[in-house]
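Student: Each chain, written out:
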Amino acid sequence: MAEKAKPKKGAPTMPPVVYAEASVRSVRGVSLFETPELVTSDTVPDFYSESQLVNSAVERLRTEGFKVLQVGQVTITIAAPAEVYKRVFKTKIVAEEREAIKKFGQVTTATFLECPDTAIPGLIDPAKSPLADVLEGVALNEPVYYFASAFPPSKAYWHLDVPSDVSLGMNAVRAHRARFTGRGVKVVMVDSGWYRHPFFVQRGCRATSVVLGPAATNPDHDEHGHGTGESANVFAVAPDVNFTMVKINFVNSVGAFNAAVALRPDIISCSWGYSRRNPPLSAADQALAAAVANAVRQGIIVIFSAGNGHWGFPGQHPDVISAGGVYMHPDGSFEATPYASGFASNIYPGRNVPDVCGLVGLPPRAIYIMLPVEPNDYLDQNLAGGAHPNGDETANNDGWAAFSGTSAAAPQLAGVCALMKQVCRRLTPAQVRDILKRTARDVTAGNCHPNTGGHPAVPGHDLATGNGLVDAFRAALIARFRCIIRPPIPIPRPPIVRPIPPVPPTLVEEEIMEEEIQALEDMILELGD
Amino acid sequence: MGQETSIISAEAILKSKSGRSLARADVPITAENIEEFTPEAKTIAEATRRLQELGFTVEQSGVTLTLLGKPAQFEEVFRVKLTLKKDESTGGIIVSPDGELVIPDSLRDIVEKVAFPEPPEFFP
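So the protein lines, in turn, are chains U and X.
Per the working numbering, the first sequence starts with residue 1, numbered consecutively.
Per the working numbering, the second sequence starts with residue 530, numbered consecutively.
Misleading hints may appear alongside valid ones.
Said to hold, decoys possible - One-sided excerpt, in silico: chain X residues whose CB lies under 8 Å from chain U:
(1) I536
(2) I537
(3) S538
(4) E540
(5) S547
(6) G548
(7) L551
(8) I558
(9) T559
(10) I563
(11) G591
(12) F607
(13) G621
(14) P653
As the list claims (entries may be wrong) - Some chain X residues flagged as far from chain U (calculated, every beta-carbon gap over 10 Å):
(15) K546
(16) A570
(17) T572
(18) A574
(19) R579
(20) L611
(21) K614
(22) S625
(23) I632
(24) L636
(25) R637
No lab work stands behind these hints: they were computed from the structure.
Cβ coordinates follow ideal geometry from the N, Cα and C atoms, glycine included.
Sequences and hints are given; from them, build the entire structure.
Tutor: This is the structure in structure tokens:
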């Protein structure tokens with residue numbers, strides 16, 4: 001029999017709802033809570049209950065005011081305010097602060113509920129209640145803490161891990177060896193939040209505290225998981241960036257985006273948007289378009305996802321880098337994924353989406369990149385279990401989930417932009433986009449999402465992948481080259497020694513022509529191949 | 530999803546320094562022309578002050594102002610009836626007014642329009 005732990009000092013409060021497991025009288029007549037046996041897979045059938053008795057217990061628990069959440073073979077999960085338990089079971093329930101080990105091994109206290117009338121921790125004896133003939137005991141639930149590992153779970157289906165596989169697929173490994181790692185570059189994501197997962201902590205990723213967008217709360221948590229997971233794509237490509245998350249509130253995207261602009265970053269990455277096929281844009285959309293334009297005007301590189309069958313907006317805005325999707329096969333070959341959007345904008349004539357692509361999975365759910373999330377959050381639960389490609393085959397509380405979409409492409413591109421900005425600070429957003437397009441790897445197989453036309457990937461530029469899959473190393477190399485050769489270097493002419501009156505020295509400002517630069521860059525790229 | 534459901538948010542589009550309307554722009558708003566649609570700093574400051582006097586929280590300013598307040602507050606100030614619906618996919622709140630928001634006299638010289646952005650959709 002377990003000993004009751006000593007309560008710690010503090011001011012514990014009773015939660016508004018108390019959860020418990022009610023055990024219906026067992027078929028063998030021995031209570032689950034009083035058995036001297038260990039409860040194992042061999043002995044657990046002894047603690048099953050007659051179905052008639054279970055049905056009766058469920059009905060009577062409901063009559064007494066309990067919510068029945070789940071009916072299992074051994075116990076029934078119930079919930080009700082503490083007063084209901086006290087009234088029905090004629091007992092007391094008290095809240096106690098006890099020592100507990102939470103995330104990252106942090107020793108602290110947590111609130112436990114206790115019934116002082118029994119010797120077994122957390123057990124309520126129903127003997128004095130009107131349910132005594134059907135229940136043998138009620139166990140109060142204890143606080144649960146989930147622990148995430150820095151290592152992704154191993155799965156047999158073809159998928160990418162971060163940082164290794166994404167880094168390789170984006171050709172960022174060679175960039176890292178050349179010391180292009182994004183050091184000193186400030187990247188902001190506007191998303192669902194950011195959880196300080198061991199994946200980031202143990203790799204020493206640099207992330208500031210989460211900034212709350214308008215009306216957002218809980219800066220230490222990412223209840224959805226999308227922001228935390230997709231941010232790992234930034235670090236896979238640019239491990240040394242200074243990262244900040246602006247937590248969006250699902251109420252006002254414009255305000256959250258402006259909060260990111262106010263941080264004056266080098267790069268803003270957004271893996272969200274709206275589907276807008278035709279004009280006119282609403283006033284709220286115009287406000288968002290203005291916020292994007294204003295950011296780019298300030299020299300901030302703005303990246304938006306093109307959408308997953310959406311007519312992505314602001315992914316089609318003329319000033320953004322529009323991120324589409326390319327799928328990488330196990331043999332390293334590429335094709336356009338029919339999960340990602342590709343279209344000619346009806347709102348901005350002449351604007352084709354995407355500009356370039358990152359790595360994105362295939363339909364039905366693009367379960368492709370194993371990403372860290374807050375344990376037990378929405379995505380951890382929602383993608384859990386099943387069999388690939390319909391589920392990610394991970395546990396629903398392990399802090400890992402496999403997903404991608406053009407949501408993954410945008411932060412991958414943000415990482416590449418960070419490498420470029422590290423080596424050439426003065427590149428403008430338009431120059432960065434041009435270099436990304438010039439250095440991308442052409443993709444000539446596959447089609448984009450059928451919702452946006454299912455356009456085929458063909459040699460050269462196309463609507464399926466734009467200019468193709470971004471090449472981090474080539475893009476960073478050209479960016480570096482730009483900063484070496486681009487400045488028009490004034491050459492001081494030495495004074496001419498002649499028997500004539502001296503003239504002041506003049507500067508020769510012969511700027512290298514754009515065509516000459518591009519020809520030189522082409523030579524470099526060819527050498528790299 | 531990390532939000533206060535009792536608080537909703539809108540964007541206030543202010544009168545621009547050039548007189549061109551952002552809400553009714555007939556050209557794409559881009560980095561090239563955004564300056565024409567940007568309000569003057571004194572307009573932003575004055576609009577912020579007056580909106581705060583009306584009880585709103587003005588949390589962020591870019592080209593537009595972000596307003597936060599209770600639904601009843603928006604209904605009273607902008608003479609409109611709002612319907613709030615939870616977006617099941619995101620948990621965000623979709624705010625639907627029953628008509629155009631009426632800019633009160635006290636704001637009409639500096640505020641052009643007030644609009645409620647929809648909850649965005651993630652693209653995973």
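Student: Against this structure, judge whether each hint is valid.
Tutor: Cross-check of the supplied hints:
no.	hint	verdict
1	I536	5 Å, holds
2	I537	6 Å, holds
3	S538	4 Å, holds
4	E540	4 Å, holds
5	S547	13 Å, violated
6	G548	16 Å, violated
7	L551	6 Å, holds
8	I558	5 Å, holds
9	T559	5 Å, holds
10	I563	4 Å, holds
11	G591	4 Å, holds
12	F607	13 Å, violated
13	G621	3 Å, holds
14	P653	4 Å, holds
15	K546	13 Å, holds
16	A570	14 Å, holds
17	T572	15 Å, holds
18	A574	16 Å, holds
19	R579	19 Å, holds
20	L611	13 Å, holds
21	K614	12 Å, holds
22	S625	12 Å, holds
23	I632	12 Å, holds
24	L636	15 Å, holds
25	R637	16 Å, holds
Consistency with the previously given hints fails for numbers 5, 6 and 12, ordered from lowest to highest.
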